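All chains, full assembly: derive it from the sequences and hints.
Under the UniProt record's numbering, the letters of the sequence shown match residues 1 to 179, in that order.
Treat the hints loosely; a few may be bogus.
[Stated by the list, open to error] Derived pair list, reagent style SDA-like, types lysine to any residue, alpha-carbon separation capped at 20 Å:
id	residue 1	residue 2
1	32	66
2	173	151
3	32	70
4	85	107
5	67	30
6	153	112
7	64	44
8	32	121
9	177	120
10	83	114
11	32	124
12	136	152
13	104	89
14	67	50
15	173	137
16	85	97
17	104	48
18	67	26
19	152	175
20	83	66
21	121	77
22	165	69
23	165	106
24	32	126
25	85	50
26	64	34
27	177	109
28	83	50
29	44	110
30	44	54
31	32	62
32	32	68
33	32	72
34	83	120
35	85	53
36	153	123
37	139	120
Hint data in this document are derived by calculation from the structure and do not stem from the laboratory.
These numbers were taken from a predicted model, which means no experiment stands behind them.
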Amino acid sequence: MLSRTILRSIRVPATAGSRLYSTAQSPPLLLKLRTDLKDAMRNKDTNRLNVIRGILSDLNNASKSPKPPTTDLDILALITETKTKSAASIAEFRAAEREDLVEKESGQVAILDTYAGMVEKVSEGEIRSVVEGVIKTAKEAGERVDMGSIMKKVLAELAGRPAVKGEVAGVVKEAVKAV
Numbered sequence: 001m002l003s004r005t006i007l008r009s010i011r012v013p014a015t016a017g018s019r020l021y022s023t024a025q026s027p028p029l030l031l032k033l034r035t036d037l038k039d040a041m042r043n044k045d046t047n048r049l050n051v052i053r054g055i056l057s058d059l060n061n062a063s064k065s066p067k068p069p070t071t072d073l074d075i076l077a078l079i080t081e082t083k084t085k086s087a088a089s090i091a092e093f094r095a096a097e098r099e100d101l102v103e104k105e106s107g108q109v110a111i112l113d114t115y116a117g118m119v120e121k122v123s124e125g126e127i128r129s130v131v132e133g134v135i136k137t138a139k140e141a142g143e144r145v146d147m148g149s150i151m152k153k154v155l156a157e158l159a160g161r162p163a164v165k166g167e168v169a170g171v172v173k174e175a176v177k178a179v
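Right, dumping it as structure tokens:
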């Protein structure tokens, strides 16, 4: 009888109670959105609640795509996309003289702006200095100074840092025209 209990204790592996795998940490903005959703529910702030639900719904739909959003910049791209849709809606509402809907959409855009402002990204001045450095080295090496080649080198240099590609493209385009 005693030998059976000893055998049972020996057969149980040492890692039976612990997990050897973990999931990736969620982006900070996503965590903030989830806590703000709860706060908006508690405070009965319907406008903020609808905006946050919309963002989380877009994130949920995007997470089922081949390249799901994993960083704050991916979430920022979704927020920016929502802002452009809202801006188009505001223009249509103004054309239809629906000031009540214009006011509602403007409030939602203001909420989206607060969340877009929470994402840390590379400043335009820093992007401009990187672009100027890349153009200078390309000229010294005798390479072509065109939009594609400069853009590729700038993005390679900014790799791993949170930079919005649209802003980078605007600065590169401006700098290439000046050359």
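Hint check:
no., hint, result
1, 32 / 66, "violated, 25 Å"
2, 173 / 151, "holds, 9 Å"
3, 32 / 70, "holds, 15 Å"
4, 85 / 107, "holds, 14 Å"
5, 67 / 30, "holds, 17 Å"
6, 153 / 112, "violated, 32 Å"
7, 64 / 44, "violated, 30 Å"
8, 32 / 121, "holds, 17 Å"
9, 177 / 120, "violated, 28 Å"
10, 83 / 114, "holds, 12 Å"
11, 32 / 124, "violated, 26 Å"
12, 136 / 152, "holds, 15 Å"
13, 104 / 89, "holds, 11 Å"
14, 67 / 50, "violated, 26 Å"
15, 173 / 137, "holds, 17 Å"
16, 85 / 97, "holds, 18 Å"
17, 104 / 48, "holds, 11 Å"
18, 67 / 26, "holds, 15 Å"
19, 152 / 175, "holds, 14 Å"
20, 83 / 66, "violated, 24 Å"
21, 121 / 77, "holds, 12 Å"
22, 165 / 69, "holds, 16 Å"
23, 165 / 106, "violated, 26 Å"
24, 32 / 126, "violated, 27 Å"
25, 85 / 50, "holds, 15 Å"
26, 64 / 34, "holds, 19 Å"
27, 177 / 109, "violated, 33 Å"
28, 83 / 50, "holds, 14 Å"
29, 44 / 110, "holds, 18 Å"
30, 44 / 54, "holds, 16 Å"
31, 32 / 62, "holds, 18 Å"
32, 32 / 68, "holds, 18 Å"
33, 32 / 72, "holds, 11 Å"
34, 83 / 120, "holds, 18 Å"
35, 85 / 53, "holds, 16 Å"
36, 153 / 123, "holds, 18 Å"
37, 139 / 120, "violated, 32 Å"
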